[in-house]
Each structure stands twice: as C-alpha cells, then as structure tokens.
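Chemist: One letter stands for each residue in the lines below.
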Amino acid sequence: MTETVTGTTTPLTRFAVPGRIAVNGPTETAWQTATLTEIRRETPHAATFRLAVPAWAGHLPGQHLMLRLTAADGYAAQRHYSIASAPDDSGHIELTLDRVPGGEVSGWFHTVARPGDTIEVRGPLSGFFAWPGDRPALLLGAGSGVVPLMSMVRHHRARGLAFPLRMLVSARSPEELIYASELGAETTPVFTRSAPPGVAVGRMTAAHVAPLLAEPPVGGWEAYVCGSNGFAEHASRLLVAAGQPVERIRIERFG
Amino acid sequence: MNVTRGFSGRPRVHNPGLPPGQYDARGDWPVLSAEVTPDLAATDWSFRIDGLVERPHTWDWDTAHALPASAYEGDIHCVTGWSKFGVRFGGVSLDAFLDVVRPQGSATHALAHSHTGYTANLPLADLTGGRAWIAWEYDGAPLAPEHGGPARLLVPHLYFWKSAKWIAGITLLDHDEPGFWERNGYHTRGNPWEEQRYSGD
Ligand SMILES: Cc1cc2nc3c(=O)[nH]c(=O)nc-3n(C[C@H](O)[C@H](O)[C@H](O)COP(=O)(O)OP(=O)(O)OC[C@H]3O[C@@H](n4cnc5c(N)ncnc54)[C@H](O)[C@@H]3O)c2cc1C
Chain V
1 MTETVTGTTT PLTRFAVPGR IAVNGPTETA WQTATLTEIR RETPHAATFR LAVPAWAGHL
61 PGQHLMLRLT AADGYAAQRH YSIASAPDDS GHIELTLDRV PGGEVSGWFH TVARPGDTIE
121 VRGPLSGFFA WPGDRPALLL GAGSGVVPLM SMVRHHRARG LAFPLRMLVS ARSPEELIYA
181 SELGAETTPV FTRSAPPGVA VGRMTAAHVA PLLAEPPVGG WEAYVCGSNG FAEHASRLLV
241 AAGQPVERIR IERFG
Chain S
1 MNVTRGFSGR PRVHNPGLPP GQYDARGDWP VLSAEVTPDL AATDWSFRID GLVERPHTWD
61 WDTAHALPAS AYEGDIHCVT GWSKFGVRFG GVSLDAFLDV VRPQGSATHA LAHSHTGYTA
121 NLPLADLTGG RAWIAWEYDG APLAPEHGGP ARLLVPHLYF WKSAKWIAGI TLLDHDEPGF
181 WERNGYHTRG NPWEEQRYSG D
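Protein chains in written order, with the working numbering: chain V, 1 to 255; chain S, 1 to 201.
One chain only, chain V, in its complex shape (with noise of 0.2 angstroms):
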C-alpha cells in the first residue's frame, strides 16, 4: 500500500492483497463462448465439464469464473465456479459442479449439458484465493470446496514443484469423495457420515490440523479454506487454534 495519505497513517493491513498476483484486464472481464467437449462424473451428485475456451487469458491455480446461461427470451442466469484445471496451454479449463437439488445453473448442467453445447464464461477472476506455485500450501477443502485446491494439486504435480504441499479434504463418504482416485500421498480424507472400514467418521478437528502445523515447511505454510461458510468457519478456527497466523489464511467461500 502506497503511504499517499495526507496528515495521517495509512490504516494497518495486516491483511492484505498478495502483489506478487496479477488482477484483471479487459481480456478476463469479457463474455467469451465456451464450448462443452467433455462430461466426466466424479460420484453421484458432481460432475467435471471441459470447456473449450479459445481465447482463455489463462488463470492461476485457485481462481473462479463468472459463468452465465442465457434462455431464449433473454433472461439469464450466473454463477461463479472455481476452475479445477492446472493452467496449461490447452485453450481447455475444466469446471466441477455438485447438483444443488433445485439448482437453476447446476441443474441444467446435470440434466440438459451435453458435448457441443455453448456457454458463456468471464475470468479468471479475483487474485486472493490464488496460489501462484510460488511457497509451500495448506489446503483445506470440504464437498466442491476442493475444486480449487484440485487446480492447485495438479499444478503442483504437473510442474513438479518443490514446495511441500498438503491437502485435507472432507467429503461425507468415500463415494462422494470428488477426485477420490487422483488424490495421492498428499491428501488426508476425512469422512463425516461413512467411512471405509477402520477409517473413523466424523468432522474436521484439531487432531488432523495440530500435525502439520506442529512442524511447518521453512518459510511457514499459506493456508487456503475452500467450501461452504459453515465448513470455512470450523476449518479456519482449527487453523488459527493451531497456530496458523490469521494473515496466512485465505478463504473462499461458496455462499
């Protein structure tokens, strides 16, 4: 922050906007066609959509889109997604979506969508939730929270980056586990209504937190909570109650 304020001090920011992340430009702001090429399910209630965006600007692990469906008579309807792509340059993102029963934009990706389809994106949008690969990452995720945390496992894997990384991902059961077969030695599940044999059920708590915090990486851990408020909350309490510094926690929250 610039120190252009005159006759006072510039209000503390213990909190504030990583410089090293660039923010939009005109390219990001535009409505672009996106065309489907490709539906994956994930488990019952989610799916992966491949978008085939020409012109994408591309976008840093962790950031979402604004995504809009338009009706014949005008009206349309956005929402905002997380990207579960690694950057790459295949003019290709991918989008992972849980069905929200009664969902007007979910809903229609989960019953209409079909290859060939076209929508409308904006994005990458917003620099706060991204990690650009650049210090070690704590990622906590429950249900499509773990969309964005995907983007940054795989960006990981994909550049074979150095800087430890660790996920803690909640699902309810193994079968609603989204990405459960790519998940690696990175990730610890944690189940809150079944589990595999052996495996305890039940929520978050300190106990999967206090061992990675107990020896963190050189340079500490930035932390990133991903999912409902209600799950951002808990998940970001057990951090800070573990010694996780509050400036070092960046959330995204789906509503």
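There could be a bad hint or two in this list.
As the list claims (entries may be wrong) - Covered stretches of chain V, as calculated for chain S (at least 3 residues, CB under 8 angstroms): (1) 117 to 130; (2) 240 to 252.
Stated by the list, open to error - The following residues of chain S were derived to be distant from chain V, with all beta-carbon distances above 12 angstroms: (3) G17; (4) A42; (5) A66; (6) D75; (7) A141.
Unchecked claim - Simulated DEER-style distance windows between Cβ atoms: (8) S:V13 x V:T188: 40 to 46 angstroms; (9) S:A125 x V:T188: 49 to 55 angstroms; (10) V:T118 x S:A144: 37 to 43 angstroms; (11) S:N15 x V:T118: 26 to 32 angstroms; (12) V:P174 x S:D62: 51 to 57 angstroms; (13) V:T111 x S:G200: 32 to 38 angstroms; (14) S:G6 x V:R237: 38 to 44 angstroms; (15) S:T58 x V:P217: 38 to 44 angstroms; (16) V:D89 x S:A144: 43 to 49 angstroms; (17) S:P142 x V:G230: 15 to 21 angstroms.
No wet-lab data here; the hints were simulated from the structure.
Backbone N, C-alpha and C define an ideal beta-carbon position, used for all residues, glycine too.
For chain V, the structure is supplied; the task is to place chain S with the ligand on it using the hints.
Modeler: Relative to chain V, chain S with the ligand alone:
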C-alpha cells in the same frame, strides 16, 4: 445474444427492486468474507475517522451508541449475484459521525478499513446524505460476527463488499485509493444498477 440450448431458467418474476443479473436469495444470507472471522468483543471495538477532516475522532462502543440511533430498512445486493429484500439494520447514520469530524473541502474519497485489515474505497458522496450507516443490529438482534459484528459499515446502494465488516475506521482522502477487492479486479464504485462488478464494467 448467446442462447443456451435447453435452458429456460426459473419462472420469471418481475421485480423492479432487482438490479440486473441479480437473484432473490430470500431466506439465505450467504457469507463471502475472504478472511478469518475475527474474535472481536464489543468492548474491544473502536471506530475512527481521520485523514482530511478538521478533528479526527475515535469512538468506542459506548460513545458510538450515544449518537442518535438510525435504521435502514430496504434491500442489499452482493456482487456474487444474490440480493436480499426488506432487511432491517440498526445503528447510527454515518452523517452523525462525519458531523463530529467535519470533512475538509478537499476530501473527495474514503478508504474504509476493518479490524481484520480488509479495506474498501468509496467516493465520499456515497457515504453522506443518509445513505450510509455504522450498523450493529440486524433484525433487532446484535449483528452476528460472520456478518460483520460487532459493527460493520452499511452502504446498501452499492454492492455489499463496500459495506466493510468489523469496521475499524474511515480515512478521508483527496483521491481514490483502491481497497481489497478493488485491487483484486473488482470495480472501483460497484453500483449494482449499472452492474459495475469488475474493473472495466
Ligand atoms: C467463488 C465461488 C466459487 C464457486 N465454485 C463452485 C464450484 O467449483 N463448484 C460448485 O459446484 N459450486 C461452486 N460455487 C457455488 C455456485 O456458484 C452456485 O451457488 C451453485 O452451483 C448453485 O447454483 P444453482 O444455480 O445450481 O442453484 P440456485 O438456483 O442458485 O439455488 C441454490 C439453492 O437455493 C434455492 N433457490 C434459490 N433461489 C430460488 C428461487 N428463486 N426459487 C426456488 N429456489 C430457489 C434452490 O432450490 C437451491 O436449493 C461457487 C461459488 C462461489 C461464490
């Protein structure tokens, strides 16, 4: 217009109170703050106005409550797309605070900041004339911490990210200085009726 095959959407409701691109969240009140909800007691809360004013001043919980009470009853609009109708906030009009500090003639903009360090910039004109409040009640009850309690800024005619939660102070400036989301690509003013969501809108 790019019509989406097979998309009809919800039954149309004509609602002149709904800005373009918004939907009615009805009973929901989504929380979208990007930081940890602070553990801030009313007794530890303070609010300061400084910068281009005649007399910078800091209020605590009791001295702020000694100012004349003022309520807002109306609608709020979030940039993520939801609007909420007929909400009731209680607090004090920002005009009452500004009357104490007396803005200088050169003050044109404001940077609001929170006890968490969150910031939001606003033209001073959007904070005066009975259009902005420091609010500590919602629906007759204390404002919940995740919604900005003990007290938040309330500027309901702009997108709700301008209504900084856990408000700590406002600095008056002679220029526009981008706040937290504004540095992250959001629009500098955020008028929902002109759909000013992102920079460039
Ligand atoms: C930054 C961000 C990133 C996100 N990323 C993802 C992601 O990666 N994946 C994901 O799955 N989600 C994500 N979300 C959530 C997503 O934006 C949508 O909120 C979600 O998909 C629901 O939208 P919908 O149109 O399907 O449901 P909506 O139509 O919005 O409905 C939501 C609920 O409200 C009810 N409802 C609301 N209004 C009405 C009405 N007028 N009439 C009847 N019922 C109503 C519905 O029945 C339903 O239960 C993200 C949100 C944010 C803010």
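Chemist: All hints, please: hold or fail.
Modeler: To see whether the hints hold, each was checked on the structure:
As drawn, the segment 117 to 130 of chain V meets chain S at 10 residues by the rule of a beta-carbon pair under 8 angstroms; at three or more, the given contact holds. For the segment 240 to 252 of chain V, the stated coverage by chain S holds: 7 residues have a C-beta nearer than 8 angstroms to a C-beta of that chain, and at least 3 were required. The claim that S:G17 lies off the interface holds: its Cβ sits roughly 17 angstroms from the closest Cβ of chain V, which is beyond the 12 angstroms cut-off. With 12 angstroms as the threshold on Cβ separation, the claim that S:A42 sits away from chain V holds: the shortest Cβ distance comes to roughly 20 angstroms.
At roughly 24 angstroms, the least C-beta separation between S:A66 and chain V is larger than 12 angstroms, which holds for a residue marked as non-interface. Every Cβ of chain V is farther than 12 angstroms from the Cβ of S:D75; the closest lies at roughly 18 angstroms, confirming the non-interface assignment. Listed as a non-interface residue, S:A141 keeps its Cβ farther than 12 angstroms from every Cβ of chain V; the least gap is roughly 19 angstroms. About 45 angstroms separates the C-beta atoms of S:V13 and V:T188, a value consistent with the hinted range of 40 to 46 angstroms.
A beta carbon spacing of about 51 angstroms between S:A125 and V:T188 agrees with the range 49 to 55 angstroms that was offered as a hint. Restraint check, V:T118 to S:A144: a C-beta distance of roughly 42 angstroms satisfies the suggested window 37 to 43 angstroms. A C-beta distance of roughly 29 angstroms is found between S:N15 and V:T118, which places it inside the suggested range of 26 to 32 angstroms. Checking the proposed 51 to 57 angstroms range against V:P174 and S:D62 shows it holds: the Cβ atoms sit about 54 angstroms from each other.
Separation of V:T111 from S:G200 is about 34 angstroms and conforms to the stated range, judged on CB atoms against 32 to 38 angstroms. Distance hint check for S:G6 and V:R237: the Cβ-Cβ separation is about 43 angstroms, which falls inside the suggested range of 38 to 44 angstroms. At about 40 angstroms, the CB distance of S:T58 to V:P217 agrees with the hint of 38 to 44 angstroms. For the pair V:D89 and S:A144, the supplied restraint of 43 to 49 angstroms holds, since their beta-carbon distance comes to about 45 angstroms.
Separation of S:P142 from V:G230 is about 20 angstroms and conforms to the stated range, judged on CB atoms against 15 to 21 angstroms.
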